[in-house]
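Asks: If you want the building blocks of each chain, they are given just below.
2 protein chains.
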Amino acid sequence: MTPPPETAGFKFNHTMLRVKDPKVSLKFYTEVLGMELVSESKFSDFTLYFLAFDHSDGKETVEEKHANRLNREGILELTHNHGTEDDSNFQGYASGNTDPGRGFGHIAISTPDIEAACERLESLGVPFKKRLTDGKMKNIAFALDPDGYWIELVPQRMAQHP
Amino acid sequence: MTPPPETAGFKFNHTMLRVKDPKVSLKFYTEVLGMELVSESKFSDFTLYFLAFDHSDGKETVEEKHANRLNREGILELTHNHGTEDDSNFQGYASGNTDPGRGFGHIAISTPDIEAACERLESLGVPFKKRLTDGKMKNIAFALDPDGYWIELVPQRMAQHP
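Chains as they are written, first to last, in full-length UniProt numbering: chain A, 1 to 162; chain B, 1 to 162.
FYI, nobody ran anything at the bench for these hints, they're computed from the structure.
Be aware that a few hints might be false.
Which copy is meant is left open, because identical chains are indistinguishable; a pair holds if it fits in one copy or across any two.
Stated by the list, open to error - In the DSBU-like style, the derived pairs of lysine-lysine whose C-alpha atoms are separated by at most 35 angstroms in a straight line are:
id, residue 1, residue 2
1, 65, 129
2, 129, 20
3, 136, 42
4, 27, 130
5, 136, 65
6, 65, 42
7, 20, 136
8, 138, 42
9, 59, 23
10, 130, 23
11, 138, 23
12, 27, 65
13, 20, 59
Please take these sequences and the hints and turn them into a complete structure.
Replies: This is the structure:
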C-alpha cells in the first residue's frame, strides 16, 4: 500500500522516557552509548533533554544539530520531573515490561559490531537483562539503562544463515 | 563532549510497543499515519511488526527497505502477543502516563504542516489527548493510538517567536 499523500514528509522524530536523575541518565546516554545532547528545555517543574547520535561525522555544528532536531529521526527525549533524584519516597519508573504497567517494551540501538559493543558495555559495568550468549537469539542483547528501561542492542547487518 | 569512538556508527534504530490487535494497529500506523511495514517476524506466541516512514520518495524497493531496517533510525516495532485481540479479560496495555506504570511517555511524529496533519487526523476520527488549540503550547498536539499510547505531533520547523 502506498502511504497517503497527506503524510508525505512525516518523520518518527522521538521517543520520550521519564528519568529519575538526569545527571546519571545524561552520563549514561552520552558517555556510555555515545549520544549527544542537542536540545534542553527547562520549565518550572520539569526539564526536557533531547539526545541523538551524530550522523555527520562530526561535521554538523551544535547550532545545526539544534536547528535540525525536529526534522530528523532517532531523537530520545528524557523528561526529568524536578525532585525525583532526591526523593527517598520516589518508587522509580516502570520499565513497561511487567504488570502492572506493561505496554512499552524497549528502545533499540543498532551497532556496526555487536560483540564489541556488548563487551564494552559489560566492561563499563552496565547491567544486562540478556547477554548475547543467553537464550536462543545469539545476535541480540538487552542492557538496562539507569532507570531500568530495556535497551536492545542489535547488529546493523544480520548474519547470513546457512 | 565528543562521543566515545567506540560508539561510532551507533543508531537509535527502534522503539517497541505492545499492541492488543495488530489489524487495528497496522491500519492506524499505515493508513492514518503513513508508515510502511518493512519487516514481520512470526513466532509461536507472538508476532513482531516493524514499521517506518519511507524517506526515499518511493524509490527504495520493499526488499531494500527490509534489508536496511537495522541500519537506519525511526523504526517502530509493534509486538502482538497472540490472543489478546479476542480475549475479553485482557485489560489493555499501560500508556506509561499514569500510575501504576508511569515511565514511557510518548512517541512523536514531526510533520511539515502541523495544522493540516491534525485536521486530517481529527477528520479520520482519531481521538486527541491535547489539540493544538488546548493548553498553552499551541504548536504541539497529542493524539491517541488504538491502544491509548500518546502520539505527539510536532512541526518540523518551530515558528519564529517575535
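Asks: It remains to establish, for every hint, whether it holds in the given structure.
Replies: So, going through the hints one by one against the coordinates:
Proximity of residue 65 to residue 129 under the C-alpha cut-off of 35 angstroms is found in both arrangements, the shortest distances being 33 angstroms within a copy and 29 angstroms between copies. In this assembly of identical chains, residue 129 and residue 20 lie within 35 angstroms of each other by CA distance both inside one copy and across copies; the values are 20 angstroms within and 25 angstroms between. In this assembly of identical chains, the alpha carbons of residue 136 and residue 42 lie at most 35 angstroms apart only when taken from different copies (15 angstroms versus 44 angstroms within one copy). Proximity of residue 27 to residue 130 under the C-alpha cut-off of 35 angstroms is found in both arrangements, the shortest distances being 22 angstroms within a copy and 32 angstroms between copies.
Taking identical chains as interchangeable, the C-alpha atoms of residue 136 and residue 65 lie at most 35 angstroms apart only when they sit on different chains, with a minimum of 26 angstroms there against 39 angstroms within one chain. Taking the closest pair of Cα atoms, residue 65 and residue 42 come within 35 angstroms of each other only inside a single copy of the chain (18 angstroms); across copies the shortest separation is 38 angstroms, beyond that limit. With identical chains, the CA atoms of residue 20 and residue 136 are at most 35 angstroms apart both within one copy (33 angstroms) and between copies (26 angstroms). For the homomeric pair residue 138 and residue 42, the shortest alpha-carbon distance between copies (18 angstroms) is at most 35 angstroms, but the shortest distance inside one copy (42 angstroms) is not.
In this assembly of identical chains, residue 59 and residue 23 lie within 35 angstroms of each other by CA distance solely inside one copy; the values are 27 angstroms within and 43 angstroms between copies. In this homomeric assembly, residue 130 and residue 23 come within 35 angstroms of each other (Cα to Cα) both inside a single copy, at 26 angstroms, and across copies, at 30 angstroms. Proximity of residue 138 and residue 23 under a CA criterion of 35 angstroms is satisfied in both settings, with 33 angstroms inside one chain copy and 30 angstroms between copies. With identical chains, the CA atoms of residue 27 and residue 65 are at most 35 angstroms apart both within one copy (19 angstroms) and between copies (33 angstroms).
Taking the shortest Cα distances, residue 20 and residue 59 sit within 35 angstroms of each other inside one copy (33 angstroms), while across copies they are farther apart (43 angstroms).
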